[in-house]
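S.K.: Chains as they are written, first to last, in the numbering used here: chain A, 1 to 491; chain B, 1 to 491.
It is possible that part of the hints are untrue.
Chain copies aren't distinguished; within one or between two, either way the pair holds.
Said to hold, decoys possible - In silico lysine-lysine, DSS-like type, Cα no more than 30 Å apart, as pairs:
#, residue 1, residue 2
1, 211, 35
2, 12, 106
3, 35, 199
4, 35, 429
5, 12, 35
6, 35, 18
It should be emphasised that the hints constitute simulated quantities derived from the structure, not laboratory data.
Number of protein chains: 2
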Amino acid sequence: MNIEQQWQQLEKEILVLKQLVELLGWDQETYLPPKAVQDRSEQSAYLQGRMHQLWTRSETQELLAKIQPNGELIHDARLRYWQRELRRLRCLPQELVERQARAVVKAQAAWSKARQESDFAQFLPHLEELVDLARTSAQLIGWQDHPYSALLDGYEPGATVSEIDKLFKELVQGLERIMKKHPAVFDFDNSILHRRWKKSHQVDINLFLLKSMGFDLTRGRLDETTHPFCTSLGADDVRLTTRYDLNYLPSALYGTIHEMGHGLYEQGFSEQVRGTILAQGTSLGIHESQSRFWENMVARSPQWVHWFIPHLARLSGHLISLSEEHDFAKAVNRVQRSFIRVEADETTYSLHIILRYEIEKDLIAGKLGCRDVPELWNQKSQELLGITPPNDRLGCLQDIHWSMGGFGYFPTYVLGNLYSAQFRAAMMKELPLGELLQRGDHQPLLQWLRHNIHQLGSVYVAGELVKRVSGSELSSEYFLNYLDEKYQLLA
Amino acid sequence: MNIEQQWQQLEKEILVLKQLVELLGWDQETYLPPKAVQDRSEQSAYLQGRMHQLWTRSETQELLAKIQPNGELIHDARLRYWQRELRRLRCLPQELVERQARAVVKAQAAWSKARQESDFAQFLPHLEELVDLARTSAQLIGWQDHPYSALLDGYEPGATVSEIDKLFKELVQGLERIMKKHPAVFDFDNSILHRRWKKSHQVDINLFLLKSMGFDLTRGRLDETTHPFCTSLGADDVRLTTRYDLNYLPSALYGTIHEMGHGLYEQGFSEQVRGTILAQGTSLGIHESQSRFWENMVARSPQWVHWFIPHLARLSGHLISLSEEHDFAKAVNRVQRSFIRVEADETTYSLHIILRYEIEKDLIAGKLGCRDVPELWNQKSQELLGITPPNDRLGCLQDIHWSMGGFGYFPTYVLGNLYSAQFRAAMMKELPLGELLQRGDHQPLLQWLRHNIHQLGSVYVAGELVKRVSGSELSSEYFLNYLDEKYQLLA
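For reference, chain A alone in the conformation it holds in the complex:
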């Protein structure tokens, strides 16, 4: 075997191991017998260990050092991916990685209990340890503008604090403007969503939409879990999950469409990308842009609701009058100042994230001590959302991310919103989006996304991709315009 073949074989092995890890995770969330958790963690540790060994052994470094760019798009993109991963891994000593892994196990247990009892003090020492480890990692990885950029880069390759600070500043100002301009959005009535929705009807609705939107059920599935997710066990095995609330339609409806957005990306890689390390979303933000596009820009648009309502009536057995159609569109777009991020609407969602981002940044810079997190959280909540959580369970203890050491992850959620709006604007130059939504004609949308985004996998990093697709750098302007336009339509 020559060098290139050895490299390909190594890549194939890493891909298979990744797919196996995904299968173990999927099975654990869906069908694993409760007492089999111990067996499962050993199986998972074995695969992760083998994967880590492949990435970090010296033969891999030596092999990659011998590979040169050859001008071929896929080849050189694979090489960039490998070099980036190896650079990160080389910076982090094995001892630090293991310390982090052990700290996370303890921190998750502590967080779960602290959250339940709304007692931040129980979580504090763990948070301190994890922040300390994250700061050390950032130092070892290195950065240009801010240590937080080193962490961010792990989730959103190429993104920096300077860039995000600028985007988020404009976004906060813009969102405040929009909320002032459209005060009615806070008063939309959503009682229409709170009927009784039979589970079998909800399943039928989901399957109808998956088919209509182009998710290939011969190359994927939909199952039920407590926390919805999308996982890819291979190009032809993309699995979505959802949850059913019998008294509130959006949980399953928008949850399924959201995960399907991720799934369409995973099902859409080109033949050349499939079977390579590039067969994955190029960043968390770009991945999130795909889920948000279908969930919000398609399925929360008044035009799409117009198409959907007769199908909803047919499949749910509920009579829905013409006047209720407009109520429905309003209901799924109601804006509300609330404490919990995962329940937030499209407008306030970004504010929830910006709150976390600002706190994380200060923690990593060493400007903020962990013990002061609850106070700063509440103060920022008042500033950004206009409300103060009555306790830490509804405040700084609500999310799992910190207990997993996931500093740098949160901003990608907002980037997803911004990317999706910028892609939408580019799409609208080529497609009559409103008309297509009104007819429920999803195919041109999917084809556009396939051609411009999905097929490429990780060939381009997010920043390059946005520029190629939209012709300009990422900006918050498109997202703000999109919200403004929608709220005018709904008024």
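Let chain A serve as the given structure and place chain B on it in line with the hints.
M.R.: Chain B only, in chain A's frame:
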């Protein structure tokens, strides 16, 4: 790490790989999207390749050569297991194993088509190749009495042709005697089984029985597949599958109880056996004895049916009268001369197997050419079962085993029947079996099996185990007595 620790680590790795292979197989039969078969076969090949590499690399041989028996039961049983496996593997050159693997892939496709079209000629060249490979393997492995013993040993360690010839001869004579003595068993009416059985009711019945019989659903599951099976992904993750026929109760009822019998064995290994290579059934025959015991000796006994009928009525919504109780016991014990093995009753089942065994033995000895199989099959079918199949689809093409190169597998099905009856006789010396069945009191039965068989896993080979449990060598007498006794009760 010392030698013993290295050995343990290698064993752990092989166990995890086995569990992962089982998970891939289970997922493929239950939930894999149809177009993901290619991805799946690559994942499976990767794990199998890694496992094969661990077994066959020279370091493994060298490591095992350094291990000595130390008088400790589990340690020395593990050593015997490893030595036996390595001896077999050492005999078979890599080239032969790969040739066989390739031949099987083609043979299965050819068999499937040949069976559908009932055209033996299409399968003949593949059968010839596989018989040839099996004969070569037998020569390389070596034998004492008959080349077929070398193949048999792969499924039923320690079993030989001389021993099985003797058992099967007595069995055929005995079964003929029984069929003559109880002609009424051919006339039992089974129309009671052909009602409409709602799927949700059948699921309830299955779950009720699993719980009552002691299958731990927190350490296992029940799913639905075309071909029922039991697979173990770990000591706490034993998965059963079944299929539902809405017009015929026994498919799911006895199919589930059968697989549960396998599952109880897998859930019952002792703490010392768990996590070692011994945590598996000690032979296919012993495994089958556990499934047959619960399916036939428990759930087809008139006493158990007496206990079950009120529960069946309650859970199925069918009224079942007292007189119908006896009809039910007869119906599930009806004997019928039929063509298809998998649909056969307890008495003729063994005759179906003996037919295959005799043909296989002659093929492997070189006494029979593959092209003469259909003729010999039909002739033996007439001799043993009294009927001649009208075509090869209902004759020599009905089973998948030969297309998988599985020569030596079939006899283990009959051994399962014989073992189970011999275990039953031993159990009856200590437990009032009839009374317990009449009360549906399954716990003492399970405890007896756990203590005498399950907990031991593969510590003893089948021959040793039977002698320990029953005090004597395997004999067909117990099985024949059991059938005679049951048919008397039912008359």
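S.K.: Does each hint fit the structure? Answer for all of them.
M.R.: Status of the hints after comparison with the structure:
In this assembly of identical chains, residue 211 and residue 35 lie within 30 Å of each other by CA distance solely across copies; the values are 16 Å between and 36 Å within a copy. Within a single copy, residue 12 and residue 106 get their C-alpha atoms only as close as 33 Å, which misses the 30 Å cut-off; across copies the closest is 25 Å, which meets it. Proximity of residue 35 to residue 199 under the C-alpha cut-off of 30 Å is found in both arrangements, the shortest distances being 28 Å within a copy and 28 Å between copies. In this assembly of identical chains, the alpha carbons of residue 35 and residue 429 never lie at most 30 Å apart, being 54 Å within a copy and 35 Å across copies at closest.
In this homomeric assembly, residue 12 and residue 35 come within 30 Å of each other (Cα to Cα) only across copies, at 20 Å, whereas the closest approach inside a single copy is 33 Å. For a Cα distance limit of 30 Å, the shortest separation of residue 35 from residue 18 qualifies both inside one copy, at 24 Å, and across copies, at 19 Å.
In this structure, the one hint that does not hold is number 4.
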